[in-house]
Amino acid sequence: MMKKPELLAPAGDLNRCKTAIRYGADAVYLGGQSYSLRSRASNFTMEDIQEACLFAREHHARIHVTVNIIPHEEDYEGLREYLIKLQEFGVTAIIVASPAIMKLAKECAPKLEIHCSTQMSITNVDTAKFLASNLNLDRVVLARECTIEDVYQITKESPVDTEAFIHGGMCVNYSGRCTLSNRMTLRDANRGGCAQSCRWQYHLYQDEEELSTDTLYTMGSKDLQAADYLYDLMHAGVSSLKIEGRMKTEYYVASVVSAYRHLIDEIAETGKPLSDERLAYHKKEIMRAENRQTTNAFYPGSAGRDSLIYHVNSNADVNHDFLAKVVHYDTDKQVAILETRNVFEVGEQLEVISPGKDKRLFKVEWIKDLKEEYITGSRRPMVKVQVPVPFEINVDDFIRRAR
Numbered sequence: 001m002m003k004k005p006e007l008l009a010p011a012g013d014l015n016r017c018k019t020a021i022r023y024g025a026d027a028v029y030l031g032g033q034s035y036s037l038r039s040r041a042s043n044f045t046m047e048d049i050q051e052a053c054l055f056a057r058e059h060h061a062r063i064h065v066t067v068n069i070i071p072h073e074e075d076y077e078g079l080r081e082y083l084i085k086l087q088e089f090g091v092t093a094i095i096v097a098s099p100a101i102m103k104l105a106k107e108c109a110p111k112l113e114i115h116c117s118t119q120m121s122i123t124n125v126d127t128a129k130f131l132a133s134n135l136n137l138d139r140v141v142l143a144r145e146c147t148i149e150d151v152y153q154i155t156k157e158s159p160v161d162t163e164a165f166i167h168g169g170m171c172v173n174y175s176g177r178c179t180l181s182n183r184m185t186l187r188d189a190n191r192g193g194c195a196q197s198c199r200w201q202y203h204l205y206q207d208e209e210e211l212s213t214d215t216l217y218t219m220g221s222k223d224l225q226a227a228d229y230l231y232d233l234m235h236a237g238v239s240s241l242k243i244e245g246r247m248k249t250e251y252y253v254a255s256v257v258s259a260y261r262h263l264i265d266e267i268a269e270t271g272k273p274l275s276d277e278r279l280a281y282h283k284k285e286i287m288r289a290e291n292r293q294t295t296n297a298f299y300p301g302s303a304g305r306d307s308l309i310y311h312v313n314s315n316a317d318v319n320h321d322f323l324a325k326v327v328h329y330d331t332d333k334q335v336a337i338l339e340t341r342n343v344f345e346v347g348e349q350l351e352v353i354s355p356g357k358d359k360r361l362f363k364v365e366w367i368k369d370l371k372e373e374y375i376t377g378s379r380r381p382m383v384k385v386q387v388p389v390p391f392e393i394n395v396d397d398f399i400r401r402a403r
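Numbering (our numbering), first residue to last: 1 to 403.
Each hint should be verified, as a subset may be incorrect.
[To be verified] Simulated restraints, written as ranges between beta carbons of each label pair:
#1 Met2 with Asp276: 11 to 21 angstroms
#2 Lys283 with Asn124: 27 to 37 angstroms
#3 Asp214 with Met247: 25 to 35 angstroms
#4 Asp138 with Met247: 22 to 32 angstroms
#5 Ser34 with Pro99: 15 to 25 angstroms
[Unchecked claim] With a Cα cut of at most 30 angstroms, we get these calculated BS3-like pairs of lysine-lysine:
#6 Lys283 with Lys333
#7 Lys85 with Lys111
#8 Lys284 with Lys222
#9 Lys4 with Lys283
#10 Lys106 with Lys129
#11 Lys333 with Lys357
#12 Lys333 with Lys4
#13 Lys384 with Lys359
#14 Lys359 with Lys283
#15 Lys363 with Lys333
#16 Lys156 with Lys103
#17 Lys359 with Lys325
#18 Lys368 with Lys333
#19 Lys272 with Lys359
#20 Lys284 with Lys129
#21 Lys106 with Lys156
#22 Lys363 with Lys384
Hints were generated in silico from the structure; no laboratory data involved.
Note that the structure is predicted; figures quoted are calculated from it, not measured.
Glycine included, each C-beta is placed from N, C-alpha and C at the ideal position.
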């Protein structure tokens, strides 16, 4: 069997952290309420981080905490105490972009592993060796600008573990080194305030002439989806495969983590590239929660114009497959109470995604509200309805449209 890398999932709050672990993540990375680059995520209080570590230990998983701001003088206030607390709680690693913070962590919280952030732009072996030697790192997180050949070479010669991104948002700038948000909104992208200005819609001019009055343009990249390169990344010996998305929903986390879990496990079991048919199956499962177009980005060798978004932004491609979350299941009656999210009707084929299991399908034979009145369909979000499900399901399982 091929050695399995760590599957590293994002979490914007405690609930999503637990969901990621339940659906197969070996580790979860999260941000506290300070020192992190996702200040608009719900983020974790100190109590949340402590609970996340306890939950992770119970499920043989690990917690990594992002401490990846580019610090100014005032950002050091309370940092030493924060790092000591993370160590006390049982955090495995911190993800860092500042050599000064790395040095401080080694002094005051030496049990914390130090993983350098993708913002340090590790794109060659010498940089990995230099940082490992001079900053005593435990892991280098490779830049998303690396090709698969770069990954092979760096991982082969790196004195420490490597980590590579496999899914999620791509920064339009180099490894997140962007000041668009700073200039346009006074929100510092490298201190947690990115306004994602590259994804706004812009009028395009040449000199004083607007080139098109019908279309607004974005500078945004399509999201990364690296299923085509999973075997190569595993064969190269990458220690951790990382999903981006601390701002994403609980359903997104569950769906994407579960899909990559199954893909990684199958590759590890076979020890060889999957057939086109099996790979297509896994790619379909991965994309079930996506609202954005995807790309292989730089892994093929270069990210050409096909990796960028040129079409007009609209809500036409918004994913409505997430239908409900299970809040109760009566094993005797084989009836579930579902908290709804999107529209579904009597007669539709739905499927259940559960931790550690393959998806299971059922047909909606009838729907009742909680007053025991039959209805033809569920058309309002966040209401509870009753639906018969002919096999046992669990609280917090997700119901989605069958495709």
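Enumerated hints in conflict with the structure, sorted upward: 6, 12 and 20
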